[in-house]
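Dock chain to chain to rebuild the complex, using the hints, since each chain is given by itself in its own frame.
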Amino acid sequence: MSIIPCTSILVTQFVFLVSLLSFKVTSSSRTEEESLIQWKNSLSSSSPLEHLGLSITLKTFAAGLALSAALPEPSWRSTSPKQASKERLPSLISVHFLISPASISASTTSTGRYHQQSPTYPRKIGQLKELQYLSLYNNSLNGTIPYQITNLQKIWYLDLGWNYLESPDWSMFSTMPLLTHLSFSYNELASVFPEFITDCRNLTHLDLSRNHLTGPVPDMVFRNLGKLEFLILVDNKFGGNISSSIGQLRNLQKLDLSANSFNSSIPGELGLCSNLTFLALAGNLLAGSLPLSLANLHKIEELGLSSNSLSGQISPHFFTNWTELVSLQLQNNHFFGKIPSEIGLLKKLNYLLLYNNILNGSIPSEIGNLGELIFFDLSINQLSGPIPPTMGKLTKLTLLQLFDNNLSGTIPLEIGNMRSLVTLDLNTNNLEGELPETMSVLNNLEILSLFANNFSGMIPRDLGKNNLNSKNVSFSTNSFSGQLPPRPCNSFTLELLTIQNNNFTGPLPDCLRNCSNLVRVRLEGNHLSGDISKAFGVHPNLNFISLSGNQFSGKLSPEWGESQNLTKLQIDGNKISGKIPSDLGKLPQLQVLNLDSNELIGEIPKELMNLSRMFSLSLSNNLFTGEIPRSIVLLTNLQYLNLAGNKFNGSIPKELANCKQLDSLNLSHNSLSGEIPSELGNLVNLRYLLDLSNNSLTGTIPSNLGKLAVLESLNLSRNNLTGKIPASFSSMLSLNSIDFSYNQLTGPIPNGNPFKRANYTGNSGLCGNAEGLNPCSSTSPTNSKSFKNKTVLIGVLVSFCGLFFLAFIVAVILILHPRFKHSKKNDPYEWQNWGREGMFTFSQIVKATENFNEKYCIGKGGFGSVYRAVLPQDQIVAVKRLSMLDSGDISTTNRLSFENESKILTEVKHRNIIKLFGFCFSKGFMYLVYKYIERGSLGKVLYGEEGKTKLGWAARI
Amino acid sequence: MERWMWIEATLVALAVLSVMRVGLVRGHSEGDALYTLRRSLFDPDNVLQSWDPNLVNPCTWFHITCNQDGRVTRVDLGSSNLSGHLVPELGKLEHLQYLELYKNKIQGTIPVELGNLKNLISLDLYNNNISGVIPPALGNLKSLVFLRLNDNQLTGPIPRELVGISTLKVVDVSNNNLCGTIPTTGPFEHIQLNKIHEALNSFENNPRLEGPELQGLATYDTNCS
Chain A
1 MSIIPCTSIL VTQFVFLVSL LSFKVTSSSR TEEESLIQWK NSLSSSSPLE
51 HLGLSITLKT FAAGLALSAA LPEPSWRSTS PKQASKERLP SLISVHFLIS
101 PASISASTTS TGRYHQQSPT YPRKIGQLKE LQYLSLYNNS LNGTIPYQIT
151 NLQKIWYLDL GWNYLESPDW SMFSTMPLLT HLSFSYNELA SVFPEFITDC
201 RNLTHLDLSR NHLTGPVPDM VFRNLGKLEF LILVDNKFGG NISSSIGQLR
251 NLQKLDLSAN SFNSSIPGEL GLCSNLTFLA LAGNLLAGSL PLSLANLHKI
301 EELGLSSNSL SGQISPHFFT NWTELVSLQL QNNHFFGKIP SEIGLLKKLN
351 YLLLYNNILN GSIPSEIGNL GELIFFDLSI NQLSGPIPPT MGKLTKLTLL
401 QLFDNNLSGT IPLEIGNMRS LVTLDLNTNN LEGELPETMS VLNNLEILSL
451 FANNFSGMIP RDLGKNNLNS KNVSFSTNSF SGQLPPRPCN SFTLELLTIQ
501 NNNFTGPLPD CLRNCSNLVR VRLEGNHLSG DISKAFGVHP NLNFISLSGN
551 QFSGKLSPEW GESQNLTKLQ IDGNKISGKI PSDLGKLPQL QVLNLDSNEL
601 IGEIPKELMN LSRMFSLSLS NNLFTGEIPR SIVLLTNLQY LNLAGNKFNG
651 SIPKELANCK QLDSLNLSHN SLSGEIPSEL GNLVNLRYLL DLSNNSLTGT
701 IPSNLGKLAV LESLNLSRNN LTGKIPASFS SMLSLNSIDF SYNQLTGPIP
751 NGNPFKRANY TGNSGLCGNA EGLNPCSSTS PTNSKSFKNK TVLIGVLVSF
801 CGLFFLAFIV AVILILHPRF KHSKKNDPYE WQNWGREGMF TFSQIVKATE
851 NFNEKYCIGK GGFGSVYRAV LPQDQIVAVK RLSMLDSGDI STTNRLSFEN
901 ESKILTEVKH RNIIKLFGFC FSKGFMYLVY KYIERGSLGK VLYGEEGKTK
951 LGWAARI
Chain B
1001 MERWMWIEAT LVALAVLSVM RVGLVRGHSE GDALYTLRRS LFDPDNVLQS
1051 WDPNLVNPCT WFHITCNQDG RVTRVDLGSS NLSGHLVPEL GKLEHLQYLE
1101 LYKNKIQGTI PVELGNLKNL ISLDLYNNNI SGVIPPALGN LKSLVFLRLN
1151 DNQLTGPIPR ELVGISTLKV VDVSNNNLCG TIPTTGPFEH IQLNKIHEAL
1201 NSFENNPRLE GPELQGLATY DTNCS
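Quick mapping for you: the protein sequence lines, in order, are chains A and B.
Be aware that the first sequence starts at 1, since it is given in the working numbering, and climbs by one per residue.
Be aware that the second sequence starts at 1001, since it is given in the working numbering, and climbs by one per residue.
Honestly, I wouldn't trust all of these hints.
Unchecked claim - Label-pair distances were calculated between CB atoms; the ranges are:
id : chain 1 : residue 1 : chain 2 : residue 2 : range
1  : B       : P1044     : A       : Q153      : 52 to 62 Å
2  : B       : R1160     : A       : I876      : 25 to 35 Å
3  : A       : T722      : B       : K1105     : 56 to 66 Å
4  : B       : N1129     : A       : G268      : 25 to 35 Å
5  : B       : N1129     : A       : S631      : 53 to 63 Å
6  : B       : P1044     : A       : R630      : 22 to 32 Å
7  : A       : E372      : B       : K1105     : 31 to 41 Å
Unchecked claim - In the BS3-like style, the derived pairs of lysine-lysine whose C-alpha atoms are separated by at most 30 Å in a straight line are:
id : chain 1 : residue 1 : chain 2 : residue 2
8  : B       : K1105     : A       : K756
9  : A       : K756      : B       : K1142
10 : B       : K1105     : A       : K660
11 : A       : K724      : B       : K1105
12 : B       : K1169     : A       : K606
13 : A       : K707      : B       : K1105
14 : A       : K707      : B       : K1169
Unchecked claim - Calculated Cβ distances over 12 Å to all of chain A for the following chain B residues:
id : residue
15 : F1042
16 : S1122
17 : P1159
18 : R1208
19 : G1211
Hint data in this document are derived by calculation from the structure and do not stem from the laboratory.
Glycine is no exception: its CB is placed at the ideal position from the N, C-alpha and C atoms.
For reference, chain B alone in the conformation it holds in the complex (with noise of 0.2 Å):
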């Protein structure tokens, strides 16, 4: 009888890890990533519905396109009245283009290794209730074009790394929580003449934000690490 109870204690163990098994794309790291962000989320309107992680990869899942090699290249889940944290996994979509989750309720914070998105094109988070500071590791983003991170309440300064970014066209950090002082120099040149007609502008709403870097020998204390 022992022995038969080991057995159906086995098929139970086996049964476990079956289902911790198909809790993971087989062998998908990039679909175990998105599917890490959907348990992470919470989903209302059941817009990640189709992320079913028994799929060999997550290129039929909705809201998700991949290229030819069958590599994520884009996640589009703006205003899809999402809640919950971005996860660190999200810096495994290699070849990720756009991530766009602006206009939801994403809180917590940018996770440091969204700087290891090579490809990033796009960076749209902005309309969330991001909270924390822009990660540095985003000076790493060297295609990035759009970084659109407004609307949050991001905090910090902004982190000088971006101004090595030669790609970067547009950057928008208002209504936010920053403090220092804005960059001037590399792509941030243009981003701040770009914006001379505009009644909005890129930087504004950030009540600590002490305006354009002065250059030169012009020290700066602004209490904001």
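Isolated chain A (complex conformation) (with noise of 0.2 Å):
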């Protein structure tokens, strides 16, 4: 990017497609001139070299000598040609080959730029053998680099930028013994560092810059390019260390690593290049501190090393040495410290950027002396104390950014000295008191940005009277008062306009009603005043404007219909009255109108519902009447409705099911009537609120409610509701604040923990387990908590009863049956084999048993059936499954009282307790899964003919 505009824009005046300067005329002209011409044939538009009369200038190559004479030399590409010296150009013949951008655009592209078509042009160059100078720079040339490029041993100048060249097999490139100028830069080479250029030892200008080099930059580079002055490698991916061995070109003028990967430390070799005036690591990985070293650049003029991590702090013995330095860009770094006081030394400084930082400490007030400042930033840093007055002498200063800092004090007086400012940014620091009336005079201000601060008092009347191009004023979060000036936007430049959170008093300046640029303005929180219809006019660009807030009056103009912008119009907390005009329904980009707690009255004009972006829009609070219009289904992106605390009558119209995103509805404290429409139930991304209380609703709750399932407060109170609330609704499952208060609803309430805590009050006809309800009689069990609470401790206990009588009974067979007692199954070494292996799933149970079929029952008892179960490894399980369908009300300390006593039992490792491998609840049955044993029960072996043969009195006693 250091690589010129302006240099191009002069270059295209000339262009000059092929300089072959120096020339010679020798015995191979020949075979040269068939290159040329070659070549030339091979470009895809001829005929713009033929209006050059490519042919002819060959052939007569003494006409050629005296243009060498007339023309500048096209020089290295950092300068521009139109001042480079002559000095260089060489007593040779010389042939220009000079094309003019007429020809070229007449001809070819309107860029004026060449398609190399045919790779054959580039092997056919290498017979140039005598060529010395060659530029293709700024053309379109695309393809590899041609190898043969090297045959020419007696260039001193190559540059091939500004192309679309890809990357060559480097290996195949020899050195060029003469080459002083060597540049690749802006074209797609994307390879590792060209090797062949460590032996152009007689290298000064090496540009690479703008390519997709990757991998270091190899060593040999600083040890064998020793003449380097420029190495500018620029925008590449290069990364790795910044080799120590750079401190060996002690030549350099220019370095240009930026934008790069490199990770190292910056080496303090590079303290050798004493000759460097340019030296740029801006944007790489870069870590540690400045080494001290670098103090020995004293003809340092440009240091630019923002955008990376480097820290520790700047050591005054830099600003003592650095008295060159015209541009000073530490910027993007993790610098702490203080400031040294030594910066007022470097007194040609245009550029001093240092914020985003860890400063600290003051601003020293030597940094008046800098009286060349033109920017100057030290924002985002953590410097306290004042801004200094001597800052007053930086007459040329445009630019000055303190904010995010902890500065104190008052802006001083001098401030009025520094005539230059365009952008005066202070926002969030500590700074109070009154603006000093100096500031008037700052002509220039553009950009006056003095938000989050303590600043009080009236702002200076005078305050952009002078200023013609002011864009940006912010006050905001400060303590100003009175009224503000009359004139802020006396050239109606005005852009931006915020000043919330303040206590400015008064009208609002007549001027802002001609502002015709206004784009953001913010006003809310203070105490304006004044008839909002004269106070703003049209405003074509304005996005965002916020009221709120203050006592403005007025009616609503059918102006702001014209502010086609208007993103977001919030007026809430004011006095305005009269309707809303139908014109807002003019505005395509509305997405949040808000106009809650005013005096507005009428209805809601249908024009409003042309508002397609809108998602939020708020209303609450004022004298609408009339009903909610059915079209409000047109406003589809709809996700926040407040129509609360209006007169609004007639009924909820369904057709607001249709606004699907919907997250919150609150048609609250209005006079509407009829019943809730079912369709409510259909808003299932309704998540904040649906607040319906406070109307004259009556009828049922409609049970399609309950689908409202991720719903977080409902509120129903004080209508005149009747019937049960829906059993549905114990499957809102988010609900955490119910009002179902004063109303006439009956009958139990819905399963679920947040219904024992939702208000049901004047309801006469309720019960239930809820404070302040009576339980419900028997004749309602499933909803009587105390019932439920009783056959789940029932069911509980008959459970575990079960439980042990199964043991018990398999214990008494293992005890009784001989073949059960030496069983190499009950080894407990055996078992614990087998429970390591025997790894199985509850879906696996449910899979063998096919979802607990009849089939594969194998006993009944009053609270659950035993099933078998072979498993895929073919270990065979029973597992008892126990009802608990009404244990959504089990109390935790029952469950886990439960849990543990499984727990335990699944733990005890006895031959004959028949093994409980585990237990788990599933949609409302609880498993017990036990180790299967044949034989079937004792009852059977007990009472069973089986029995009567096997266990004799004598066995059972």
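Okay, structure coming up:
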């Protein structure tokens, strides 16, 4: 990027496509001539070359001699061709081939760039063995760079920059011993560092910038190329260390390694390159502190180390030595400590950018000595103390940014001397006091940002009066008071006006009405007054306006409809009266309309329903009347709707259910009547609020509302609702605040914890387990807590009994039955093995029993059934399934104790107690998984035919 | 001339740097985090149009809610036709209570950093194309009440770390490709029981999910990691 927009303009004025300087007439001129002609023919458009009479020129070398004297040398591109010295111009016969832009544009592209299409040109160019100077800069050459180019053994200047050339096989390249200038800048090279360059030992200028080169920069570059003056590698993907060998480049004047991925520290040896005037390492991953040896760079004029991870303190030694500095950019690093007062020695400094570091201490008053400063930015540090009054001496300063620090004190009077200031940004500090009157004379000021300080008092009356360019004025979040200055926008250039959260009073300045460039206006949280319809006019660029919490009066002007870019119109908390003008419906970008808490009357204009981008509509606490328009269905993006606290009547339109994005709906405190449309249950995204309270709604609560599974707050209080609260409400799992109070609801309340905490006051017919309600009678047992608890308790107890009984039975079988007595399977070691290997899951059990199909049932008891499940590993388990249908309310204590007991059982190892492998709860059942023991139940054994034979009375006793 | 050039270069560099600067909300890491999210999302309906990084904080951005101190508490971007990825920077919104990104086309994984959102009440990522695992770090969300990750392409187990979130009231991970077993302890006791009467279950349609965990000594090998 450092390369020359300006040169390129100059160059294109002259455009030399082919500059063949010092083209000696020799015996080999015949083949050279042929090479050129062949190449010429390979170019996609030959006609412009013929315009130039390439062949004629070639045949008349004598004429070319005169030409060469007349034209400036196309010099190294970092200088302008116009200014290049002619010192280098060799006293050789030279030929220039020039193409005028006109002839190029006439026949090729409008950009005047050549497209090399045939791949044959490159090889031929190698035959121009006498060529000393070749510049193909700024064309559209593509393909790989031909290795034959290194046959040009006499060449000292080679510039292939600003083309589309790709990486060749660099190993084919040989050294070019006389080469002093080499540029491949702004191409598509994507290899490692081209090795042949490290042998071009006479190089003084090397520019590989703006490619995609990767890997490290080889040490050989620094060891071999001792003559380098310019090394420009900016904007590649070089990485790794910056080698300490770089100190060997003693002739280096300009080093630009910006925008790469170097990740070492800055080598101290860089301080040996004492001829450096330009050092740019910005935009890498460099860490560590600045080596003190850099203080040796006495000639340094521009130092750019921004956007790295550099840290440490900034030593005063640097500033005593770097007295030639014009630009110092250390921003976006982690430098800490104080700014040394020696910074005042940098008298030539134009740019001083230290923002976004961790600097502390105060701003040294010696800053005032930097009379040449143009940009000064210390933002986003931890600086404290005052703004030094000496800064008033910085009369050339155009940008002063000190925001996001801890600066205190007042703005010095001397600020009035900084007549060049365009940007003054002091936001987010602890600055206080009144603004000095002298600020009014800063007539170039465009940006004045003072928000988030402790400023107080009135704004100087003349602020803005002399200023013709102010664009951005921010006083917000201070303690300013009094009226706004009468002419803050004299020239109507104001774009951003943010003065919210102050104590401003009185009317808005008249000129605001004519500020047609306004983009963003925030006046909320003041005590501003006056007729709003006169304060604002037509603002076609206005995007965001917030006037909330003031005392504005008057009506909403139809002119608002002309602010076609308005996305947010927020005037809540004022004294606006009259109707909503239907013109608001003409604002296609409007997304938020907030007119809460005013004195607005009339109906909601139908036209508002055209605002299809609107996602937030808030009209609460006004005096609106009429019905909620059915066409509200057109607001398909609506997420937030608040019409509370008005006089809306009629019924709730069922069409509202089509505003599917609604996450908050508040229609409370109106005069709505009729039933709650069951369709509201389709608003499945309702999340934060459904408030229909304080209306005159009648009928029953639709059970469809039970579908609002993500709703957190439901208020149906103070209506005339009758009937039961639908049982379906128990699936509104997210509810956290519920209010049914002051209706005529009857019957049991829904299941579930949230409903135990709901407000049921003033509904005499409700019953259930909640504060202030009577338990329901036994005729509705499913909702009786006490009954349920009993059921659960009995269930659990009986389950336990069943469990122990089963264990007991099996134990008895095992004790009594000789076949089991010494069974291997009861060997504890064997069991442990089995346990480790016998891994199974619930789903395997489900599969094995075909979801507890009757045919796998091997026994039934009062509280559940036992199933036999053959698992994939051929393990057989007995699964007891106990119903817990009403265990939704099972107390945690009961459950925990059951779990603990069961766990203990699973750990019991006794040869005569049947093994309980595990247990779980799922879908209203409790499952106990036992090892399966054959031979049925003890009952069968005791009472069955088989038992009679096998277990004689003796055995039984 | 050369000097002139350099100054021009400096100006260009300045321009670039200033562009870099406006690229992030000045000194406001929450705005930065949200702007990073914006850049990572494709937004055909322009719902994020107002997310202007030049503003000093994100509190006036649409679909963002802040508390009194200007800290972001809600991100409401459900059903907004967004695609793209979530970003780790979301973990910096330390006052966030509601992260509502349901019913979009968001891809990629759930950033582990969401586990840093100590104040998060609701994490609603349902109905997206999110893949990868449920980060165990979500177990750090000690204020979480609602965790709805259903209808995505999540894999791996339900992290047992979630069992430690005592506030958790609603979990829905149905319609994913999770494996392993369903926790039954801690808040999951009630989450299980709550769904007794429901036809739809918070865990259904995870073909590799093996049902509730069996407690006791039965061990598992569900090929789920």
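Here is what the structure says about each hint:
1. B:P1044 to A:Q153: 52 to 62 Å: holds (59 Å)
2. B:R1160 to A:I876: 25 to 35 Å: holds (29 Å)
3. A:T722 to B:K1105: 56 to 66 Å: violated (45 Å)
4. B:N1129 to A:G268: 25 to 35 Å: violated (52 Å)
5. B:N1129 to A:S631: 53 to 63 Å: Roughly 35 Å apart at Cβ, these two residues miss the hinted range, so it is violated.
6. B:P1044 to A:R630: 22 to 32 Å: holds (30 Å)
7. A:E372 to B:K1105: 31 to 41 Å: violated (55 Å)
8. B:K1105 to A:K756: violated (38 Å)
9. A:K756 to B:K1142: holds (24 Å)
10. B:K1105 to A:K660: Cα-Cα ~18 Å, so holds.
11. A:K724 to B:K1105: Since the Cα atoms of K724 (chain A) and K1105 (chain B) sit roughly 40 Å apart, the hinted pair is violated (cutoff 30 Å).
12. B:K1169 to A:K606: Measuring from Cα to Cα gives roughly 42 Å; hence the hint is violated.
13. A:K707 to B:K1105: With Cα atoms ~24 Å apart, K707 (chain A) and K1105 (chain B) stay inside 30 Å; holds.
14. A:K707 to B:K1169: holds (17 Å)
15. F1042: Non-interface label stands for F1042 (chain B): nearest chain A Cβ at 18 Å, farther than 12 Å.
16. S1122: Since the minimum Cβ distance to chain A is about 8 Å, S1122 (chain B) lies within 12 Å and the statement is violated.
17. P1159: Holds, since 18 Å exceeds 12 Å.
18. R1208: Incorrect as stated: the minimum Cβ-Cβ distance to chain A is 9 Å, not above 12 Å.
19. G1211: G1211 (chain B) is in fact no farther than 12 Å from some Cβ atom of chain A, at 3 Å.
When held up to the earlier numbered hints, the structure conflicts with 3, 4, 5, 7, 8, 11, 12, 16, 18, 19 and fits the remainder.
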